[in-house]
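Novice: The listed protein sequences derive, respectively, from chains Y and X. Using my numbering, the first residue of the first sequence is number 9, and each one after it goes up by one. Using my numbering, the first residue of the second sequence is number 9, and each one after it goes up by one.
Derived by calculation from the structure, the hints in this document are not laboratory data. Each statement offered as a hint is correct.
Since copy identity is lost for identical chains, a pair holds within one copy or between any two.
SDA-like, lysine to any residue: derived pairs with alpha carbons at most 25 Å apart:
| hint | residue 1 | residue 2 |
| --- | --- | --- |
| 1 | K417 | Y452 |
| 2 | K316 | E33 |
| 3 | K417 | L431 |
| 4 | K417 | D539 |
| 5 | K417 | N150 |
| 6 | K417 | L451 |
| 7 | K316 | N150 |
| 8 | K417 | L447 |
| 9 | K316 | I540 |
| 10 | K316 | D515 |
| 11 | K417 | D535 |
| 12 | K417 | S455 |
| 13 | K316 | L88 |
| 14 | K316 | L509 |
| 15 | K417 | V148 |
| 16 | K316 | R542 |
| 17 | K316 | E503 |
Since the structure is predicted, the reported quantities are computational estimates derived from the model, not experimental observations.
2 protein chains.
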Amino acid sequence: MNDSPQFPRPARALPSIRRFLPILEWGCSYSRATLTSDLVAAVIVTIMLIPQSLAYAMLAGLPPEIGLYASILPLVAYALFGTSRTLAVGPVAVVSLMTAAAVGEVAAQGTADYLTAAILLALLSGVMLLLMGIFRLGFVANFLSHPVISGFITASGVLIAASQLKHILGVSAGGDTLPGIIAALAASADMTNPITVAIGVSVLVFLYFARSQLRPLLTRLGVPQRSADITTRAAPIVAVAVTILLAGSLDLASEGVVLVGAIPQGLPVPGLPQISLDMLTALAVPAFLISIIGFVESVSVAQTLAAKRRQRIEPDQELIALGAANIAAAFSSGYPVTGGFARSVVNFDAGAETPAASVFTALGIALAALFLTPLLASLPQATLAATIIVAVLSLVDLREIQRVLAYSKADFAAMAATILVTLLWGVEPGVVAGVGLSLALHLYRTSRPHMAVVGRVPDTQHFRNVERHRVVTEPGILSIRVDESLYFANSRYLEDRIAALVAEEPDVRHVVLMCSAVNEIDASALDSLEDINRRLADAGVTFHLSEVKGPVMDRLRRTDFLERLTGQIFLSQHEAVTALAAARPDPSSTGEFHEKC
Amino acid sequence: MNDSPQFPRPARALPSIRRFLPILEWGCSYSRATLTSDLVAAVIVTIMLIPQSLAYAMLAGLPPEIGLYASILPLVAYALFGTSRTLAVGPVAVVSLMTAAAVGEVAAQGTADYLTAAILLALLSGVMLLLMGIFRLGFVANFLSHPVISGFITASGVLIAASQLKHILGVSAGGDTLPGIIAALAASADMTNPITVAIGVSVLVFLYFARSQLRPLLTRLGVPQRSADITTRAAPIVAVAVTILLAGSLDLASEGVVLVGAIPQGLPVPGLPQISLDMLTALAVPAFLISIIGFVESVSVAQTLAAKRRQRIEPDQELIALGAANIAAAFSSGYPVTGGFARSVVNFDAGAETPAASVFTALGIALAALFLTPLLASLPQATLAATIIVAVLSLVDLREIQRVLAYSKADFAAMAATILVTLLWGVEPGVVAGVGLSLALHLYRTSRPHMAVVGRVPDTQHFRNVERHRVVTEPGILSIRVDESLYFANSRYLEDRIAALVAEEPDVRHVVLMCSAVNEIDASALDSLEDINRRLADAGVTFHLSEVKGPVMDRLRRTDFLERLTGQIFLSQHEAVTALAAARPDPSSTGEFHEKC
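This is chain Y alone, in the form it adopts within the complex (with noise of 0.2 Å):
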């Protein structure tokens, strides 16, 4: 089982060229059958990521070309140093959100600033990306937790679907946060274009039952379910197909429909624009944000993928590969990137083996770019707002905020914070909230650990609460057992509570501190101790710990703590409780029953 794929051993162990460029894995036994697969999902990939690329660019405020240029390079640059073998990467909902919120500050939509700045926003997200990744610094990612990743998902996928409303009514409103986006629409409401409301509904009606209702129907007239899955993900560029020719035949621009209008052909033109300090430092907050989140959301996608084939992912190296691609992203006038899920499982459905099938779907958008532009200036924007509407509604997970609630209030707070604050003030200050939040918690947590009175298990040497189990305990010996590491902010509390519990027990001699649980002992931790240990001489009471773990006694033989602990350090606490009742001056007198819940 060493060579078991779920359990390899750690990446670190490959030869160095090989761990920064996984494509010298794959590379080398590519066969004409992979060739075969890859080849079928880059076409099936491709058709899906046109519409995706167009609405996501429109999403973030950016020309719809710009969507297209960011799901060339970028893939290409993945599939060199990317771990993931069926990871499609390019523009995505949220981080099209974040870049929206983000470039907004800076520029106003519409201006060359606001290209720039996303392009900048690409290059300083893929540098972040890229050093994270090279000093390893993919544990960052650990302090988003699920509930907050979560909260923060749902709520941009309920902000970017209220956006997009506007493209279906045909009005122009802004607006960055829910009560901003309502309204801007409930004031353009009379603005409403009746055949762009048409349009935009009967889209959402049919992606919707494409989505719901499609599949169920094909597997059930006898189309595999792999192709019947395929199918339906087909539907937007079905959508895209039919609304084109309907606003081109009908003229529909005339009445009002806003259309793509017309895109540049071509392929992007290699470079940077230029870079203003300024605009640098106003945009590495969001650029941070917009790495953290991208990260998170690519290497969960990739990970679920590489399970299901026994293949493993190496957080690290992935974090070069995005920012390898964000920085291709800048070169080619693209903007942040990241791994799509959508996508992800259509290229791993539709059979994709390699990173090749990345690269030949990269060829298939430059492709798009140089030669279908044309025929995407008559698709109306109201179709493009229904493909992410549908799109992000499955983004909003209901049950797993319920299950949150169930589990855990300090989750579900930060979950709902988080939520609460993207929707009202956006998604940087959403993020944040949750992030603070359930740190906050969790110290809090920490700075009031459990502490338990614990006695003997019969016919054990295992120690429980004495409120919870049937235990014995020794009289004049009170076992203490604390739950938590030691540390600045509970050794405090863990001077009162002690002296709470001795108060408690008049007849006490001893006092054990049971360690199990305590991990590190820091130095103001040790100063309580010592406190502790002296305060309990002072009332005749002897200070002992027991079942201290290796690397917290280490440390404690480097001062002079032991010399002046008035007790001894016991391996066990069965070990403290046999020797200190046995060196009692009454030995008659035998243990007390504690019969608790």
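With chain Y fixed as given, assemble chain X onto it according to the hints.
Specialist: Structure of chain X alone, referenced to chain Y:
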């Protein structure tokens, strides 16, 4: 021992009126003997407080009388609400420095706005302390670790001493940071006034001699320890008296020696200045930091003294008392106050038995403000500066820095950051950097918890690390102990580590996760446990938990994790290993010994 003064029941059990007015406890049994003790202490503290109040007002950039005003009503307010019998509140060095830094940001020294801002700072700080006390938020102070506090106090001592050098040299120079102060002194060094230097250095030498030599000398001459202490503490008033006489009789003002000058005679007019919202906003963060630092300093002094007489301090009530003292300061034209170390020790040593001593001290200072101020006009500022320098250099604690360095690199890093940032950027950034870094280091550590493969210590039911102890393990059973609560920041690390440990043991059929140190499993960690369970199941390995704590188990029961768990939950690791070994198809194979240190 139930009524031991050391470990009384928590004050929560007291009737609530008594909780909020501790004066009712000692006031009812006030005797003539107590009165005498308190009066003697009050006279001694008053004599000591007069130069201190003037000096600290000067340090805060305020007119000298403000120091006296801050030493009248606040003392009475603390006497009414405080739980310490001997704490002496008033202006202190570190808070005065912080006041100068905060107020200097919003107004120019010497203007009416500067005084207004200082008064508002006291008001804000008082209200914050009061609210924190009412809502029992005293735990917030626990996030200041001991190394951060001691680093901050040390750095403040150095900053304060440096800031007073200008008065010793007789030059005018500014600066809030060590480089700033040094540069300003260097720029104005050629303006040095030799007579001022002569006075300053003489007083410095005298006070230093009094502090380090006089007490041993007096003790050797047969003076009782306590009287020797008090005489030593009176040295500053001798310096004040002598230099006033010198400056007055020799007309040193005409030689360029800067004197304190005319101090308004009388008591402060009760009332508040005009409050501007801009100023309140600008002062909110400094007021919070001053509140926390002042509270920590005051409580640690109060607890040290209380422990000596086996009395007890109630931190939440201390917040209320310090809040009242600061509000009283604001209403009597004072500036932020807190419990001071030196004066409280003098109060204690001089025999104060109840807070009435503080009330008598307040009367003494009021009399001084009414009748003594004309005498103080000829006091050279150099004398006050020398008083401050000698007082604060005792705050610099290099031994503590060494001790922390030897014990813990993380604690030392937080301490060093606090010291450096305080010296180079000022007091507020210093506190914030220290707290931020110590929290970040704590989180980083818990995000990579210690995990160990454990085995049974022979002839016991106790399990320890196979790498540190001579233990027995059963083939096919991998017992892993995780030494930390499982929460979002370490849940992914847990997944990775278990995967790696299982990969190293190809024959494993059971993994038992020993949860004796797991005090919480949050929603993110629950997701990770489910993933681990599923992946192990795919690899044909059963996943068990052991020694799950009561509160953690209660919460797991609310989910469907226990149904999905492929293995069982065992009360103890011993039970788990015994049961799994017994159920093994080939029970003839016996445990293997690990012979590692």
